[in-house]
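> Let's have the full structure, built from the sequences with the hints guiding it.
Chains as they are written, first to last, in this note's numbering: chain H, 1 to 280; chain S, 1001 to 1280.
Just so you know, these hints were derived from the structure itself, not from any lab.
Since the structure is predicted, the reported quantities are computational estimates derived from the model, not experimental observations.
Note that the Cβ used here is the ideal one computed from N, Cα and C, for glycine as well.
Incorrect hints may appear among the rest.
[Stated by the list, open to error] These stretches of chain H come out as covered by chain S in the derived footprint (C-beta under 8 Å, 3 or more residues): (1) 80 to 88; (2) 264 to 270.
[Unchecked claim] Going by beta-carbon spacing under 7 Å, a handful of chain H positions derived as facing chain S: (3) Ala62; (4) Thr91; (5) Cys102; (6) Thr107; (7) Thr109; (8) Asp115; (9) Asp119; (10) Ser122; (11) Pro175; (12) Arg210; (13) Glu218; (14) Thr220; (15) Arg224; (16) Arg239; (17) Arg240; (18) Val241.
[Unchecked claim] Computed Cβ-Cβ distance ranges for the label pairs, DEER-style: (19) S/Lys1084 <-> H/Thr11: 21 to 27 Å; (20) H/Ala168 <-> S/Asp1015: 54 to 60 Å; (21) H/Trp213 <-> S/Leu1097: 37 to 43 Å.
2 protein chains.
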Amino acid sequence: MTAFDEATAITPVSDGCYHIRPDERFAIVFGDGTAGAVNGGVLLATAARAVLDTSPHPYPVATSAHFLRRPRPEPAQFRVAWLKQGKTAATARATLLQGGACVMESTITTGTLDDPGGDTLSWACGPPALPPLSECTRLASPSGRPPRGGFASHVDLRLDPATAGWLAGRPRGVPEMRAWFRLSEDRDPDAYLLALAVDSLPPVVFGLARVGWSPTVELTWHMRGVPAPGLLRVATRCRRVSGGWFDEEAEVWDSADRLVAQGRQLARVGRGGPVWDAGA
Amino acid sequence: MTAFDEATAITPVSDGCYHIRPDERFAIVFGDGTAGAVNGGVLLATAARAVLDTSPHPYPVATSAHFLRRPRPEPAQFRVAWLKQGKTAATARATLLQGGACVMESTITTGTLDDPGGDTLSWACGPPALPPLSECTRLASPSGRPPRGGFASHVDLRLDPATAGWLAGRPRGVPEMRAWFRLSEDRDPDAYLLALAVDSLPPVVFGLARVGWSPTVELTWHMRGVPAPGLLRVATRCRRVSGGWFDEEAEVWDSADRLVAQGRQLARVGRGGPVWDAGA
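Structure (structure tokens):
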């Protein structure tokens, strides 16, 4: 069992209620070594586990989540309420509570990804261009140095050097990122890892020299395919930054060149010191 | 008061409960003249009205909605429950019920669009290229012919001819649309009209020759700016169609060339006859 699977584990306690624990190992660590909030993708993966536990369909095809409070690394509860269970899709509300207050409100529609009606219409855009893994910039060393990184020490992210200039103090002035993505531990991608991947890259505004804690306010992601084994590629872009808000669109591609997940989040522009550094 | 404002009106009946009525005038009309479901954007605009009625902040910055059942043109209720009211943002759940069953589950985070903290970081992509209004293809004539169109007769949509080939049986094979957008009645854009605009264009899969009723399963939209008076431009694109599912991303631009709203929906590929026709 990987640290990721432990961090996203659910314990059923009663009808529709699951105990979980936001895991510090997946918290963002600030430049001064203090831990920030647990990564939102970890909470999304945990929500998917809670909903799929009683879902008539196997995949979380559409998940929308609003982040209200910073989760503490203490016991918390997911309350799952089904709003409809249909033949093609089923929808549940999954509310994350800590100390009686709502930390995250999510709604998840589950379904199958092959059409039982046999619709064969298909169309796809092409995958993002990324240099080979060996030519990419490791964001944090998963081994050989102290795990100061929290989240960063449990994922193996290799940034396209074209989008990594900010790491060396030379941001390109374009809010986009591209990277190879996998867990530091050996584990093939699935729905839960896709939930992590859509919120795994450094915030796009780092490319505009605004490096700091950028809290997600809302994130919606769609699962579009069952990922093939192997590395994922994640590409993010932004369309507007203004009034302290920015959007970040994420596409996740599998090793078979298929678009397997899409996400978009609205977040607050970060302030404060750097939270990432380049690995060895 | 325009038909749109009437169709999205709310009547408070008790704490957090609002009576509404899904309005047939904004239903999609099928090729055979029968009315389909009321346009999802109309429901999103109504949800925004219900939440803003008691919101401490003026704008619906992030709205996510899951569509569970087809609304009937009969009385319905929005139940609004606040999950948090904070200084920067406030989040409410707004559930649309009809006959005791959930028709649409939405979560709305409200906020201001100017940063009270004074963050001045800004960045923006450019607007979509569209031919002048006079060179675009009118989708349905808002006057001079019988209003067989429902929704189509209350909006004035002018499609970029490059994305309108499907109207003449010559789809271009690319799932994208671009159009000028306004109400048929004279009314300047605001948050409610943006909620309509993000779900106003013909489904992108019409560009792949799949013309028919394409039900939205989930739609999330972000309000990014207060729109200037005048026409809006809406551009949609798709990244993958497979297994009977497709995504549709929408960007809405105002007359001052600012990106004022972004949306993304996951929908089912339509079947059945044409639901739009070219205007006079």
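> Would you settle whether the hint for H/Thr91 is holds or violated, based on the nearest Cβ-Cβ distance to chain S being less than 7 Å?
With a closest approach of 5 Å, the H/Thr91 hint holds.
> A closest beta-carbon separation below 7 Å is what the hint needs, so does H/Arg240 meet it against chain S?
With Cβ-Cβ at 5 Å, under 7 Å, it holds.
> Quick check: does the Cβ-Cβ distance between H/Ala168 and S/Asp1015 fall within 54 to 60 Å?
holds, 56 Å
> Is the hint on H/Asp115 kept, meaning its closest Cβ partner in chain S is under 7 Å away?
Hint on H/Asp115: holds, closest Cβ of chain S at ~3 Å, below 7 Å.
> According to a criterion of three or more residues whose C-beta lies within less than 8 Å of a C-beta of chain S, is the region 80 to 88 of chain H covered?
holds (count 4)
> Hey, does the H/Cys102 contact hint survive, CB to chain S under 7 Å?
Since chain S brings a Cβ to about 4 Å from H/Cys102, closer than 7 Å, the hint holds.
> Are H/Pro175 and chain S close enough, Cβ to Cβ, to be under 7 Å, as the hint says?
holds, 6 Å
> For S/Lys1084 and H/Thr11, compare the CB-CB distance with the range 21 to 27 Å and indicate the outcome.
holds, 26 Å
> Would you check chain S against the region 264 to 270 of chain H, counting CB to CB pairs closer than 8 Å, and say if three or more residues qualify?
holds (count 4)
> Does the Cβ pair H/Trp213, S/Leu1097 satisfy 37 to 43 Å?
holds, 39 Å
> Given H/Arg224 as an interface hint, is its Cβ closer than 7 Å to any Cβ of chain S?
This interface hint holds because 5 Å falls under the 7 Å limit.
> Answer holds if the nearest beta-carbon of chain S is closer than 7 Å to that of H/Arg210; otherwise answer violated.
Check passed: Cβ of H/Arg210 comes within 6 Å of chain S, closer than 7 Å.
When the structure is compared with the earlier hints, no violation turns up for any of them.
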